[in-house]
Amino acid sequence: MMFAEAATSNPLVATLLWLIPLPPILAFGLIALFTNRSRAATTAVALGGMVLSWLMSLVVFFSVWQNHELGQHPIGSQFAWLATGDTTLNIGVVVDPLSATFLFMVPLAATLIFLYSTSYMAHETRYTRFFAYLSLFAGSMMGLVVSDNLLTLFVFWELMGFCSYSLIGFFYYKESAYKAAVKAFMTTRVGDMLLILGMVYLYAMTGTLNFHDILQNKEVLEKLAMTPAVLGIGLPAAGLIGLLIFGGTVGKSAQWPLHVWLPDAMEGPTPVSAMIHAATMVSAGIFMTLRFFPLLQAAGGMGHEEGHAAVNIALMIVGVIGAITAFMGATIAVAQYDVKRVLAFSTISQLGFMVAAIGIGAYAAAAFHLLTHAFFKALLFLGSGSVIHGVEHGHQHVTGHHEHGDPAQVYAEPIPGVDYGHDDHHDDAHGHDDHHDDHGPAFDPQDMRNMGGLAKRMPITFVTFLIGGLALAGFPFVTAGFWSKDEIFADAWNHGFVHGDLLGQIVFITLVLSALMTAFYTMRQIAMTFLGAPRTEAAAHASENPPAMTIPLIVLAVFAALIGFVNVPKDFPLFGAMMGDGAGWLGHFLGSQLLEGAEHLAFNPIPVVFSLVVALGGLGLGWLVYGRNPMKAGQVDVVEKLGGLFTFLNRRWMWDELYRKIFINPLQWVADHYSAAIDKRVLDVVLESVYRVGGALAGGFKTFDRTVVTGFSDWVGSVFKGAGEMGRELQTGQIQAYLLSGLAMILVIVIAFLLMFQ
Amino acid sequence: MEQGILNGIPLHFFLIVAAGLFCIGLYGVLGRKNAIAMLMGVELMLNAVNINLIAFWRYVRPETPAALAFVAFVFVVAAAEAAVGLALIISVYRNTKSVDPEKLDQMKF
Amino acid sequence: MTITLQTIIFALLSVVVLGSALFVVTTRNLFHAALMLILSFFGVAGLYVLLESGFFAVAQVLVYIGAISILFIFAVMLTRGMVAMPRVNAQAQLAALVSVLLFVVIVVIVNPTALSIKVLPGASERVLGGIPWQFTTVTTITDSYIKQFGASLVDGSAYLLPFLLAAVLLDIALAGAVQVARERRPAEVLAERELMAAEAAEEQQREQALDTAPETVLAADHH
Chain A
0 MMFAEAATSN
10 PLVATLLWLI
20 PLPPILAFGL
30 IALFTNRSRA
40 ATTAVALGGM
50 VLSWLMSLVV
60 FFSVWQNHEL
70 GQHPIGSQFA
80 WLATGDTTLN
90 IGVVVDPLSA
100 TFLFMVPLAA
110 TLIFLYSTSY
120 MAHETRYTRF
130 FAYLSLFAGS
140 MMGLVVSDNL
150 LTLFVFWELM
160 GFCSYSLIGF
170 FYYKESAYKA
180 AVKAFMTTRV
190 GDMLLILGMV
200 YLYAMTGTLN
210 FHDILQNKEV
220 LEKLAMTPAV
230 LGIGLPAAGL
240 IGLLIFGGTV
250 GKSAQWPLHV
260 WLPDAMEGPT
270 PVSAMIHAAT
280 MVSAGIFMTL
290 RFFPLLQAAG
300 GMGHEEGHAA
310 VNIALMIVGV
320 IGAITAFMGA
330 TIAVAQYDVK
340 RVLAFSTISQ
350 LGFMVAAIGI
360 GAYAAAAFHL
370 LTHAFFKALL
380 FLGSGSVIHG
390 VEHGHQHVTG
400 HHEHGDPAQV
410 YAEPIPGVDY
420 GHDDHHDDAH
430 GHDDHHDDHG
440 PAFDPQDMRN
450 MGGLAKRMPI
460 TFVTFLIGGL
470 ALAGFPFVTA
480 GFWSKDEIFA
490 DAWNHGFVHG
500 DLLGQIVFIT
510 LVLSALMTAF
520 YTMRQIAMTF
530 LGAPRTEAAA
540 HASENPPAMT
550 IPLIVLAVFA
560 ALIGFVNVPK
570 DFPLFGAMMG
580 DGAGWLGHFL
590 GSQLLEGAEH
600 LAFNPIPVVF
610 SLVVALGGLG
620 LGWLVYGRNP
630 MKAGQVDVVE
640 KLGGLFTFLN
650 RRWMWDELYR
660 KIFINPLQWV
670 ADHYSAAIDK
680 RVLDVVLESV
690 YRVGGALAGG
700 FKTFDRTVVT
710 GFSDWVGSVF
720 KGAGEMGREL
730 QTGQIQAYLL
740 SGLAMILVIV
750 IAFLLMFQ
Chain B
0 MEQGILNGIP
10 LHFFLIVAAG
20 LFCIGLYGVL
30 GRKNAIAMLM
40 GVELMLNAVN
50 INLIAFWRYV
60 RPETPAALAF
70 VAFVFVVAAA
80 EAAVGLALII
90 SVYRNTKSVD
100 PEKLDQMKF
Chain C
0 MTITLQTIIF
10 ALLSVVVLGS
20 ALFVVTTRNL
30 FHAALMLILS
40 FFGVAGLYVL
50 LESGFFAVAQ
60 VLVYIGAISI
70 LFIFAVMLTR
80 GMVAMPRVNA
90 QAQLAALVSV
100 LLFVVIVVIV
110 NPTALSIKVL
120 PGASERVLGG
130 IPWQFTTVTT
140 ITDSYIKQFG
150 ASLVDGSAYL
160 LPFLLAAVLL
170 DIALAGAVQV
180 ARERRPAEVL
190 AERELMAAEA
200 AEEQQREQAL
210 DTAPETVLAA
220 DHH
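Protein chains in written order, with numbering that gives the first Met the number 0: chain A, 0 to 757; chain B, 0 to 108; chain C, 0 to 222.
It is worth saying that the hints were derived from the structure and are not from the lab. Using N, Cα and C, we set each Cβ at its ideal position, and we do this for glycine too. Take these hints with a grain of salt, some might be off.
Stated by the list, open to error - Here's a subset of chain B near chain A, in silico, CB distances under 7 Å, partners left out:
id, residue
1, LYS96
2, ASP99
3, GLU101
Said to hold, decoys possible - Simulated pairs of lysine-lysine, DSS-like, Cα-Cα distance not exceeding 30 Å:
id, chain 1, residue 1, chain 2, residue 2
4, B, LYS96, A, LYS720
5, A, LYS679, A, LYS178
6, A, LYS173, A, LYS455
7, A, LYS178, A, LYS660
8, A, LYS173, A, LYS569
9, A, LYS701, B, LYS107
Unchecked claim - Per label pair, the in silico range of CB-to-CB distance:
id, chain 1, residue 1, chain 2, residue 2, range
10, A, GLY723, C, LEU96, 26 to 34 Å
11, A, THR709, C, GLN178, 52 to 60 Å
12, C, ALA174, B, LEU103, 33 to 41 Å
13, A, LYS720, C, ASP170, 22 to 30 Å
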């Protein structure tokens, strides 16, 4: 099915789709090659590229957002790339409702983060390199969004993985940073392997990797649903493929069990955390699963004949993983002291929400939550960066120290589960590695216990952070987070308790508890950071940041507050009527992409009640514990009273230690012993003997060359030389000899002439 | 036909004599160790040539003076050549104190 | 073939010519050689008389004997001091052989004997182009052959140009010979000797360089 007709129907859109990923990628090239010595030029190129891409995305979005046909007839263009026998692999670009939504959100967040970075990274000496990587990253994300087939999606997926690695390890001179980068890459690699397997299986079964051709094609989906999977594990092919592809998401979107890299990725500069771990890379995983939702759905058997009683094992697995992740992330976030780590685990938890939503079939709700989460999480990360920046400046102000690089990162706490090799890690109250300080215990500007009272000192940051936090917690009605979370709850309640699906029940209960904890730790974070009195001198001298940092915060805050209104349910009391025809727009828009259409839920007040109770209750509880009596300097956090439970949560449920024990140590042992046993004893011997043979052969050739070849050529030369010397003798210089020889020759010729003609 | 002064001498007699003189001169050129002797041989050869020319003129084409012109020029050239050659030999003798042509081998390899 | 008086005179003259020529090329004493050369020239002049070209006989005596032979005597005088010089050089035997061979070839062509006809049939025709050489009788000539000859030498359509060129040639030869054989003044001689010595030294250096490092020398030559 070619898009030729679709392309001509809107050639502007199709052309723009091809162009959208280019400006940031070209910016990467330009910065890396040409402008890397000039900050001003780099800033111009990077920002310019991103803005250009953003504007083009906006044009595309506003061209298609009211196109009701877009779901079933996406606009795009392709060309044939790889001819393999009977089939041809086409690659191209497409815009359908899902990617249109992303085209709205991603470039906007990315542009704001770029702007923010110009100020945040201003002290960094490798500023231009940062922007080069960031541009490449942004370009890859755009490329992933506009891809119309799994192959190019995967290419950009991997490219983003590389950029993530480079940016996490940006401060490569710090051991914790580069180890974190490798950890991120390795962990996501596991997921990527599963994705590749899924890709290969899919291509083998269908002969194409094009989304439209597979996922909106009833025959293909039926075929995949009917064929049992190769391993004969009771799943249809669709299920196994879907799960394998979901494996990529588990890695990239930090779901349990491959979540361990995301907290450590906080070693990267804060804009990177915001970009990669809020708006883009982790969203890419969810994006891909959302794309393949029809496949996962088909794994439960096609059509409604089996009704909801059919057990879709694939989706069940997806939902369970999401629920576990959501719950785990929330519990760990409660016991973290580092402001960025709280957000990291919060991200993990929220991604779990989305995955769980997919698991119960709430396609639109998951996408909606992804959209809102991108905004408020980016806002929170950038806000945390602003806080860290401010506290760091306050610290400089007080002590006169100036650290190079991202100031916060120099003091990062040791990563659990990572073997630093030199000593046992200290885990005192500050949680830092006290090696490289010569002025007493090092100051960690990321530790919330060193903050407090920043509301007065950094008002803009405070207000925007508050808005973001409220959105995260799901504060009713005026925050985007409320609407998206509520939608998920509504779907979960519907599946679990109205239709009696076990998975839905599990998901609902888990998500409710997680939302409660989310609100609690959010309030904890806000209170510890902004309320009360400053607990350190540094916090007392913190100052607000320049506009390049605060403007993105403000813009994101606006979105975090209002973007929720794109999907107010139609029959929601008061607000539904308020939105009028615009109610539930996003749901309709996205739902049109599914073959079966979105199921329209009637309004049910029970999930809403749960949302309100959970949000307000959690926020209130947090206020009671932390807000009413803000922590004072030196005071121990209440949460620590949980004792062993606290340690368990603070150590991130000990997953890193477990993985080290199960996977890494044995591999290390094998590697060490392999090297000694096989490498040295077998391989080296073989190579040595080959070398000897080669040497002998070479020696033989050398002798041959010297005697035969050289000898021959020398001999030829000497022959000519001898001939020449003999010839030389003729030139005696003797006149009479010349005359005689000439005459003799003439005589001979004459006689011959006479004798010849008989 | 009157016989005249050449009655009884066939042409080839002259030719043989000329040939003999030529060959003797040739031996003088090729086989002598003195440059002046070489030149003497050359003069003998030129004389032989003249004998040939005049003999042929007399027997074959006595009515045309073409051969005689040729002969005249041979005389002239012989004289000029002898003069120049002897001058050269004298000059060489002055510089190298030798008239041995074998010693004049600067043109060798 | 009849033997007449002319035949005998011819034979005598031939003996004189050839004999003295032989002496010229074999004697060690150059002065004697020059004198014998004169004798040979006389014999040739006699042969010219026999051939009824008295003009050339006289010319022969005037030019060859009167001028060239005197030149030879001068040269012999001026290059004295050669004592104990071998008469013949290394290739003399080969030269003699070649000369004899040439003589034989020419004789065969000119006067084929029965043997040579058997060996080289038609050689004479091929070489002489069919001219009947076996002349035994001749036509008489008038005395005006000299007049004709003289007229042809100044006739623009005949041999005027060669005549003039011959005059020029003589001039040049005269001038050249005078210059080449001129007596040099001592200073001149010394300068010449220095020049020659310098050239000889350079030559020796070149020889040495060629022995040790031929490439550089040959490369330098290319420039």
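Please write out, lowest number first, the hints stated earlier that are contradicted by the structure.
1, 2, 4, 6, 8, 9, 12, 13
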